[in-house]
Amino acid sequence: MKHLNGRMAAVFLFGLAVLFLAAVTAAGWGFEEEALVTDFSRKNLEPCGQYLFGTDWLGRDMFIRTLTGLSMSIRIGLLAAGVSSVLALILGTLAATMGKTVDGVITWLIDLVMGIPHILLLILISYALGKGFKGVVIGVALTHWTSLARVIRGEVLQLKEALFIRTAQKLGATKFEIVWKHMLPHLFPQFLVGLILTFPHAILHEASITFLGFGLPPEQPAIGIILSESMKYLAMGRWWLALFPGLLLVFTVVLFDVAGESLRRLLDPGSAHR
Amino acid sequence: MIKKRIYGKAAAILMSVVLLAGCAPGKQDGTAGDDRQTDGTAMVNRTAQDQTASGDTAGGTNGAKDSVIVAMGPNSEPESGFNPAYGWGAGEHVHEPLIQSTLTVTTTDLRIDYDLATDMQVSEDGMTWTVRIRDDVSFTDGEPLTAEDVAFTYNTVKESSSVNDFTMLKEAVAADDTTVEFHMEKPYSIWPYTMAIVGIMPEHAYGPDYGEHPIGSGRYIMKQWDKGQQIIFEANPDYYGEAPKMKQVTVVFMDEDAAYAAAMAGQVDLAYTAASYSDQTIEGYQLLSFETVDNRGFNLPAVPASTDADGNAVGNDFTGDVRVRRAINIGIDRKEMIDNVLNGHGTEAYSICDKMPWYNDEAQVSYDPEQAAALLDEAGWLTGSDGIREKEGVRAELNILYSSGDSVRQALAADTQNQLKKLGIDASIEGVGWDTAYTRAQAEPLMWGWGAHTPMELYNIYHTLEGKSAEYSPYSNETVDRYMDEALAATTLEDSYELWKKAQWDGTTGVTQEGDIPWIWLCNIDHLYWANENLHVADQKLHPHGHGWSIVNNVDQWYWE
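Going down the list, the sequences are from chains A and B. Position 185 of the first sequence, counted from 1, bears residue number 304 in the numbering used here, the numbering being contiguous throughout. Position 412 of the second sequence, counted from 1, bears residue number 750 in the numbering used here, the numbering being contiguous throughout.
FYI, nobody ran anything at the bench for these hints, they're computed from the structure. The structure presented is a predicted model; accordingly, all values stated were derived computationally and were not measured. Worth double-checking, as some hints may not be accurate.
Unchecked claim - Taking lysine-lysine pairs in the DSBU-like style, the calculated list, with each CA pair at most 35 Å apart, reads:
1. B/K806 - B/K729
2. A/K351 - B/K693
3. B/K760 - A/K253
4. B/K760 - A/K351
5. B/K524 - B/K673
6. B/K565 - A/K351
7. A/K250 - B/K806
8. A/K250 - B/K760
9. B/K508 - B/K693
10. B/K760 - B/K729
11. A/K250 - B/K565
12. A/K289 - A/K279
13. A/K162 - B/K760
14. B/K693 - B/K673
15. B/K673 - A/K351
16. A/K162 - B/K759
17. A/K279 - A/K300
18. B/K496 - B/K840
19. B/K508 - B/K524
20. A/K162 - B/K693
21. B/K496 - B/K693
22. B/K879 - B/K496
23. A/K219 - A/K289
24. B/K403 - B/K879
25. B/K403 - A/K351
26. A/K162 - B/K840
27. B/K840 - B/K760
28. A/K253 - B/K759
29. B/K879 - A/K351
30. B/K496 - A/K162
31. B/K403 - A/K253
32. B/K496 - B/K524
To be verified - Calculated from the model, a selection of chain A residues having no Cβ within reach of chain B, i.e. all distances over 12 Å:
33. L206
34. D230
35. M350
Claimed, not checked - Beyond 12 Å from chain A on every Cβ pair, some chain B residues (computed):
36. G579
37. S627
38. L831
39. Q851
Glycine is no exception: its CB is placed at the ideal position from the N, C-alpha and C atoms.
Just chain B, with the same shape it has in the complex (with noise of 0.2 Å):
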């Protein structure tokens, strides 16, 4: 009995591996065979085609396609659906909503421009933003959008959303049909970035099933969402701003290796991929590649090792020292890491907002091994016996920790390991749940990624918690401290970009090389697509931390060559 079990599972072992092994093109066909998916494709080509045959109301295209599927990871589905307050353009990664307006938008340099607004002020003390609104936009069900429609979206967020911070908001309040003023808790000079991720809903047809069925006033309505599979988008016919040239979007949603198997089947006509993926090439697809701020780096405890309240350890006593820190950040060759794990589709990372109108280029360094050596040796980590260095008996480890699955974070912590082994340090990598390295990364370093179009990322990082200090990893510096909270009570945006980069760097404290480095930043990763050559995609702006939504942004200027 019990061998023939064995057999058996050995059988079906040798089995899956053979299916396995067989995957590559069998996978294609399974994608293919998954009835619904085909249906959906072939039904958003054949509305294609109505539409183009009944040519002229669709805006005289002559014959050309105005459809595009767009394949992204699964991650991107929105759990909760469209509604803002639980996360749609406005949660962990940022992006515009699409299917409903926004006060603001970013601009492809990362400054501020209107949507909805026409106007915008704030008091001399900061605590009052009173906007102006157009006064000729509807919601798609026909009801014109107000100030009261507004003033209930950011109330309604503040008492809901979970995933975004709205506790500097005091409460929205409508003046009038087209004027909304913001009454502040504290003063808050970026809000201006937070109102570009907002979409207005309309309060009439608000309710618990919102997110499933959104109304909005953007450039898409949503047509039809299958649940774990895709996502269709319609023009909105009655849109106030440039009517959208790409008349239909459906978004579909699979793993890499399935987004890789269906652009090569032809199925998508634009699917995100990875690093990884880069050296292989699909007939009749082009490689994308936009710069991101999508950064990866690690932290370092700014301060000796101890153990809090409840027990859990906080410090680390080799990063705790300011020089060991610094000879870190020029001690790894950051091209080389991008080569390595990359294939070369990114760029150097110095902060957590390279290229944003708040960063500040003090930050950038240069690789320096001997300088890195010399730092080390003054800090009295003397090489030992067997190349890793040692100060008073105490050997230089470090443990860097990544998040278990996600291979990139994995490969930088591996080649982070591998270069700091030439500085002397015995670097070790250890995968880990983020249930756990939160709490961990108080003493240890994680590889952490970050990016969003707002200078809040350098408040959250580098700010001290009330008594405390910094949220993911500690550190504090009072000025830092002081220069991001001035930044916040500037009554111009241009006043805090200073203040940020002040932040950063002053002249003689900081966060970068020269000051107190707490952070250590690797790379930006591009984000990579595969696109159907005869596919034009407009001009990105550089994408935030997620590889998901932002690359439709701007799908309405999309065009078929």
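Isolated chain A, as found in the complex (with noise of 0.2 Å):
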């Protein structure tokens, strides 16, 4: 690393990043089939070379369960996150283009939300939407688009008043002209921040609900199913089953976080230079 400026080990970590991820959730796509198969004859072994991660009570590979349970939960984030910067973005430039009512309906949308503590409001969109990947996905899109929508909608205000906006507007360009072909350009490094760091948001959240009986049905190979399942079986010994999987999780998180900072590192005019 140490032969590497700033600027080149930024996109050295964050193409690892996104390599590791895309490898873990192509992988589990593979074997979601194989995540589900049981067989008795090889049930609570201990981490081998066989079965890295051990195997369960039912005989379940961990090793599989694991990759496919990250995967569900990458492509959860993946979409949950989309769905909910988009959102963020929308209301954000809406809030600080179209006046003072509107400004001060979607303020007060973002407080509230933020007024709740996220894990109750996601609990109850989930169950009020028979849970599952359904339950999860909006619940956590529409629990995560707060601070960004903040953010956009500061931005905004800002490039509001900057010169160029202004001569278009004096040049008769319409409100959706000025924010479609001048302002989105320089909300873009914003919002491609914004999405990466609201996955591992997401993704932890997925697997706190799903761990807690309000997310995923139990015969998915979600991380949460296999954190909460394992908890029985600690005090008998069988460690395997909820520390590779815990690891992992902290793991996946981390580099989406990772890829996150790099890549404002690179787009930031601030460190762009380094």
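Fit the two chains together into the complex; they arrive one by one in their own frames, and the hints show the way.
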């Protein structure tokens, strides 16, 4: 790393993180069928060469289950964070450009959603929508847009005073044209970084509510399910059921954070030249 | 900002993982650290010592310990207290009510004996039961127990019971101090089995808070109830029967892993446990295993698929064919399943009432995969290119439901899935909540648990509801219905047993392999307990469904060696 300057190191880290996450996602996708296979002839095995993460009380291969679970989490995270960020972009821009009333309503909405603890609102939404994949994705999407929306609103308010925007206004461009042609390109870096930094939140929250039993159904190989099942077996000394999936979850979350942080360094004018 | 928060969260998760991993020894401390409980335990021991110190009054047990601490699951704590009208003893999971006396009791072979009753008679038409009771019994507040109290109890449970069915009773009337008459709505020959679970309450001391401050005439008095933690019982000194050997019984409520840890720490004398723990050992404790009629099995909807008036799916085209159901019944290796899922702690089940006096042993089948394959071939389900059977372009698929959170049922469903695959049936499993399970079971197999000390279970499972089909899974057979109706109208229990048996299989039709086989029974789950090596637990009658209070049915006869 010493030979690399800051910029190259950031590119390197970003590439590595994305590569790993893509690999996990793809691998998990491929193992979906296998992750559900139960085989009682191999139950409760400690980690070994053949079963890297051991097996559980139904004889399921925990390595494959963990990979599939992570892959599922990443996909849910991508979808939920994507929806959430787009929501934030639209609402943030609307708040800043559509006048005082709209701004008031949206700011109030942001405060409202921020005022309720994430996990409570998430459980409520997920439960109301019948839990499962749909419940989790919509739940996470509807609770994670607020901080980014605030950032974008602030950014747009600043942009509004910029010379080129005022010029465009004087030249008779409509509001929509201004937002679309002149503002969005400026917002893109903020948006991208915000999007990537929402992933880890989304993944952690997916795992949390699934752990609590309000998320994905129990036969799904999801990290939250794996961790909550493992609780029962810890007293019997089956440490591997919790340790590896837990560590990998933490690792994934950290990697997403690294990717987002590197991207910010690349795009942020303040640090881009380093 | 965001970054910091995320690292914080990641660190929190990592920490909790580490904490969890370190939980095996930590958990014991956690339980021990529960102040009140430790106090409770200490108190129990102290009381026991006090009693033995003044040993002469305690019945001269010569210094022997006469108290016991029993750990049960959190679900065993009676939500509405010790009121039979709200499920104490006479609820979903039946057991002897301990605090109250019952008119009859079930014996170890599940026949009927007397407790308060001295004699019972039923009229020719089965519409009136006349029961004479003992005249020497008092409640623990000193008031005598009379037929009035019995009549009051039964009229009260009929009015307010939401957990058990008392619709067959019209009213109970006290003819004199020691005679009570039950007037029935319809003949009900197995009434003595109901009388064995309804604890008699005192009319004079009954109120809305009876559940929390119960008064009875049974072997024990409830001394203290710390909700969510423990219940302490003390022996009733004026008990009319044999004096309890165990003077004090403390029941604590904890999860499986906490109960295991409590046993490891020596804090409880007897702790319930599950088969998944059975390969562990605890020094000073032995693993007790009791046979049960706590069965697990799944329903196979016995009618073709359709939709009911509410738009719910009913029936299943695959399991609607009786040959498919028969193939599944003999195509499942129950022995292997018990070894796989229960570590061998179970018995093969062939009916909902194995080993009960009303069980028809014609239900027993042997594992025969060839015959099962032949049956499926005969039914037109032929093996396709991917090893899964097909008929007219339809794949042989089955989605087996289980209640989410129940690891044993999940494992049974998973093992069934694996075994069905060998037969060429593509099964999947799905965890569901009880809010949707009942409706979905009308069209898909669901992993159930049943087993009670009354033949009424057969009726509930197989008897047709008026104008429709059976309640829990679509099925109906007029002959089976008729036998069960006749069994309820029989004048003696012995006659009724024969008719219940015929309802299962009469030589030409029934609910067994050669009959309609609308339910597949897999296993009876042994109830397992960690017990202190020096504790002598009296012989148990077959436990019903529910791994809870049944174990202390005869705690009065336990003793320390």
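Subject >> Unmet hints by their number, sorted upward, for this structure >> reply: Hints 5, 26, 30, 31, 35 are the ones this structure does not satisfy, whereas the remaining hints hold.
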